[in-house]
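Line by line, the protein sequences are chains A and B.
All residue numbers for the first sequence refer to full-length UniProt numbering, where the first residue is 1 and numbers rise by one.
All residue numbers for the second sequence refer to full-length UniProt numbering, where the first residue is 1 and numbers rise by one.
Be aware that one or more of the hints could be misleading.
Partner residues are not named here, just some residues of chain B that face chain A (Cβ under 10 Å, in silico) [said to hold, decoys possible]: (1) 15; (2) 25; (3) 26; (4) 38; (5) 110; (6) 138; (7) 144.
Some chain B residues near chain A, calculated using beta-carbon distances under 7 Å [said to hold, decoys possible]: (8) 29; (9) 69; (10) 82; (11) 87; (12) 90; (13) 126.
Pairs of lysine to any residue residues, derived as SDA-like cross-links and limited to a Cα-Cα distance of at most 20 Å, are as follows [to be verified]: (14) B/13 - A/28; (15) A/420 - A/375; (16) A/288 - B/87; (17) A/243 - B/46; (18) A/243 - B/1; (19) B/146 - A/123.
I should point out that these hints are in silico values taken from the structure, not numbers from a laboratory.
C-beta: ideal position from N, C-alpha, C; glycine also.
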Amino acid sequence: MALKIVKGSIDRMFDKNLQDLVRGIRNHKEDEAKYISTCIDEIKQELKQDNIAVKANAVCKLTYLQMLGYDVSWAAFNIVEVMSSSKFTYKRIGYLAASQCFHESTDVIMLTTNQIRKDLSSPNQYDTGVALTGLSCFVTPDLARDLANDIMTLMSHTKPYIRKKAVLIMYKVFLKYPESLRPAFPRLKEKLEDPDPGVQSAAVNVICELARRNPKNYLSLAPLFFKLMTSSTNNWVLIKIIKLFGALTPLEPRLGKKLIEPLTNLIHRALDLLYGMVSKKNLMEIVKKLMLHVDKAEGTTYRDELLTKIIDICSQSNYQYITNFEWYISILVELTRLEGTRHGHLIASQMLDVAIRVKAIRIFAVAQMATLLDNAHLLTGNMQRNGICEVLYAAAWICGEFSEHLENPMQTLEAMLRPKVATLPGHIQAVYVQNAAKLFSTVLKSQEGSTEGTAAQETSQLMIDRLPLFVQSANLEVQERASCILQLVKYIQKLQQKEVEVAEEVSALFAGELNPVAPKAQKKVPVPEGLDLDAWINEPPSESESEDEQPKAIFAKEEPKHSRSRHTEVDEKELARRREARKQEQANNPFYIKASPSSQKVYQESPGVEHIPVVQIDLTVPLKVPGLPMSDQYLKLEEERRQKERADKKKKEKKKRKEKRSGRGRRHDSGPESEEDITPAHMVDIVTEEMPETYILPTPDNRLLTMSSTSIFLFFFIEQKSSKHKKKKQKKEKEEKEKKKKKKHHHHHRHHSDGGADESVQNGTVEDEEPLPVSMCLTLNHKVCDIQGNLQDGSQVVVSVIFENKCDSLLKSMEFNVLDSLNSKLQRPEGSGPHDGFTVPFQLPPGVSNEARLVFTVQSIVMPQKMKGTLTFIVKNEDSSIHEKLDFKLHFTCTSYLITTPCYSDAFAKLLESGDLKCSSVRLEEVNMPFHHLLARICFHHHFSVVERIDSCASMYSRSIQGHHVCLLVKTTVSIDAKCDEPTLLGNVLDEIKQTFSQC
Amino acid sequence: MIRAILIFNNHGKPRLSKFYEHYTEDTEQQIIRETFHLVSKRDENVCNFLEGGMLIGGSDYKLIYRHYATLYFVFCVDSSESELGILDLIQVFVETLDKCFENVCELDLIFHVDKVHNILAEMVMGGMVLETNMNEIIMQVDAQNKMENTFLWELFIGIKPEIGSNFK
């Protein structure tokens, strides 16, 4: 404060300071030039005064005018005067003015030499600093020559602030007075290792500039710079050094090799950054750039690195950022053109993953893979060891498994049976053979249907002609499969000759659709009793035996032929029996994912929603455009698509706004396109690590995907361990008596995307009925109604119960019984009475879990239900066996009757407009979570899918198993407006949603 | 090397110009105008690097700029500089200004161009980058301002206050 007064008084000593000048110019916009010329006159007067403060003020104003384009060179002498002031404040003004307007032909410069020398040796480091800064701008050859020694001395000044300035200015001195370079260089080199990083950086800077002019003189410094490059953390220095090496490597080829490692480290760091940078918007751009680098890359290591990065970036978080899978497949196909890459298997696994999980892409993928197979010779060349041939593994499998999508299956079949295939690695040949059989069945089916039998017989003949090549393979797997299939085809041909239609039967061999399975699903399969996976089946082979492998393989060539021929005549009945047995086994295996009615079918059968599209597939894309790398087209297409989407959205918004005006619209705010607004062109069935085998999590963009088969899971955990359960305390005595069979309340906890306290929000729970000695809690974790075949009447709920035995006794004779209500009944085996229990078809050894499925018939689904039930079982110890009983309640919430059903906004709008729906609303109190978490929670726990999300609100949709539509409008103010054609159901669902959020 | 540093507003009015090579005043004004035309017509979402204009070195030179509110900060550099490095430097420069002026705005630059020059002098010297560490820059600028303030006291009261006493 005081200082301001001081300054103000000083300011008043002068007519006009810089601020007044600036203000004045701003106030004279019309006659600026005139005003400035009067100011210049004033300045001239001020310069004539003796007072140095007045002179400095005038010079300061001149510096400003110089920036506006006025020539101030006439005041050069006055500037020198101000520079010479002993006061830092004035000196600084003087040097600034000099640096702005002095140049080599300014004659007064020669008057400054002594003044500058004096300033350079000033005890005040800032006097020296200001002089160096000024000098760096107006140094002339004369000044450089006269002051070189002084500056060189300053390079060893005690203050780093001076040292770095002195080092830096040396470059200017060298330019103006090259003779100084030789004597100064040793000291400059020394500064590369100065303890102060600023000085070090200045030295690097100077040497880099020098080396740019004449690189070969600085080759000897390469080791020093190399050391700096690996040790320095200053990015500025690193950049300079890399630039320097860029100039040095052409002169010294050995340097290049040495640099590969540190440089690739730097590049990797950059690539890692890229991984975190991608978004839906820029993924295609970024990958395009990387593809260019892949093309240009010289070393295979670097190219492989780029390749893995591209795949990493694209596949991260379950393909979160991919909006167009056709594009991705094209990228993968383009990558197969890389010669000599080690990562063929990586590309292959991506192809498989995408083709299996993104149903909508299969047609496209199959077409691409067929082309790959057709051109397999281009990939493999002569080298069997070429890693890229791994992609053929994927190509063959995709073409075989999804052969119904093939345009020309016959051509692909021929491609797969070419003699050249026999040069591929064994495991790939095996896949070829197996999938040739699948293709064969597809071809047969089409040929039998249309033309006369000869075509089909020719196809069989083709197989019979070509397969022997594989039967002779040295690879056991190939040999075995080939001979098996060969005999099968021979048999088929025999039948064909008798004009028996076999296509149906053959295709049954490969019937059933493949569904994605969660990576951890295998863990859930119990190890059968008495099986020790760690035990050797036979004696471990001795080391020396492995030497004999070679000759064995040679004999193996002929041997199978004889041994197999006995099995050729497997009769039809046997085949059918085996098939039946296999189906039976699959049906009984809870971990086998059964084929479920496709979601498309669901829509067809439910009236009113037929206009809801399942997936949008844009197949207007030509497969190849000559001269253009394929993936590039997608960039353009994607751009167009997004634009169209944006336009559509705008239209919709307009429509909505109209609605609003007419008084019945919903609130929607429009906003700029955000990441979440970019809808993917294809949907992915995303199976993440943490979910049960049949459950599909909501994707990050809040869209819940088609649920194929869903069921209620109850987890029964039976554990021998004292429990913290309150109820148990009352029965402590009994517990002690029965210690062996204590069961623990156990919440089975699973993570899902929104994290947080999630277990409290189960859709249905099974509660303890009473505090029995053997208390137990059943937690229903994820439930969804399974429609398994009974979709039409929508009255069935499947409850999957997982029993886990956590005590160390065998549990057997488990019987599960539920007291039927009027509304809900347990479906019991035929012939059993209405009070008989359901016998659990397995025993549970200690530590084992297994799953049983119970089917309930439900009349009305508008109300939640609780059903009482009992589980009786026998605990068998070595010496005794005890009969035990557990009571529980089975809670069917209304949410459990909802199925996640995707709905598009236009269909959604129609639904709302129809006027058939009743309205209701609810407010959620005290919910503090990000909006998208809130949505994700509703999606996850209550089986809704997000239809549209616009800034502060989101519309959501779900359908009950009996076809009720439930529509929600969720606002960020955490109020939910809802509409449904069944008000009771709606009320209950809303209550459950409320409960979900009150528990968190 | 950095050849020039220009700051101008959305209308092309120069707020600071620092040329590390000599040009006549007229040429300097032309360069500012030309640079303004090159930079101002560019979209906000396009690249921040572009080839230099005809006047300042032509295609060997690059213009690296950033647009903050009403001001354009433009560095004209040759091929020895890294574009991203310079972009980072501009950010350091602006952040330093923000610290020194406490929420810097265009008016600060209009009325205190001398101070802006002093700050810049601690970052770039004779076209070469001197310091990229913001704390170091601010420390040196503050120390020099303190010296100046001490002197102003001396001038006004006629006595030299003790070093370290509180002026503010």
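Going through the hints against the structure:
Taking 10 Å as the C-beta contact cut-off toward chain A, the hint placing residue 15 of chain B at the interface holds, the least distance being around 8 Å. Given hint, residue 25 of chain B at the interface with chain A, holds; its Cβ is 5 Å from that chain's nearest Cβ, closer than 10 Å. Taken as an interface hint, residue 26 of chain B checks out: its beta carbon lies about 7 Å from the nearest beta carbon of chain A, inside 10 Å. Residue-level restraint check for residue 38 of chain B is violated (minimum Cβ-Cβ distance to chain A is 19 Å; threshold 10 Å).
For residue 110 of chain B, the interface hint holds, since its Cβ comes within 10 Å of a Cβ in chain A; the closest pair sits about 6 Å apart. With 10 Å as the threshold, the beta carbon of residue 138 of chain B stays out of range of chain A, its nearest partner Cβ sitting at about 13 Å, so the hint is violated. Because the closest C-beta pair between residue 144 of chain B and chain A is about 5 Å apart, less than 10 Å, the hint holds. At a threshold of 7 Å, the smallest CB-CB gap from residue 29 of chain B to chain A is about 4 Å, leaving the interface hint in force.
The beta carbon of residue 69 of chain B comes no nearer than 19 Å to any beta carbon in chain A, farther than 7 Å, and the hint placing it at the interface is violated. For residue 82 of chain B, the shortest C-beta to C-beta distance to chain A is roughly 4 Å, which falls under 7 Å, so the interface hint holds. Here the hint on residue 87 of chain B is broken, as its CB sits about 12 Å from the closest CB of chain A, past 7 Å. Interface hint status for residue 90 of chain B: violated, as the beta-carbon distance to the closest one in chain A is roughly 13 Å, over 7 Å.
Interface hint status for residue 126 of chain B: upheld, as the beta-carbon distance to the closest one in chain A is roughly 3 Å, under 7 Å. For the hint linking residue 13 of chain B to residue 28 of chain A, the alpha-carbon distance of about 15 Å falls within 20 Å, and the restraint holds. With a CA separation close to 12 Å, the supplied pair residue 420 of chain A and residue 375 of chain A stays within the 20 Å bound. The straight-line distance between the Cα atoms of residue 288 of chain A and residue 87 of chain B is roughly 24 Å, outside the 20 Å bound, and the hint therefore fails.
The suggested pairing of residue 243 of chain A with residue 46 of chain B is violated, with an alpha-carbon distance near 26 Å, which exceeds 20 Å. Proximity of residue 243 of chain A to residue 1 of chain B is assessed by CA-CA distance (about 13 Å); at most 20 Å being required, the pair is judged to hold. At most 20 Å may separate the alpha-carbon atoms for a hinted pair to count; residue 146 of chain B and residue 123 of chain A meet this at roughly 17 Å.
Hint compliance for this structure: hints 4, 6, 9, 11, 12, 16, 17 are not met, and every other hint is.
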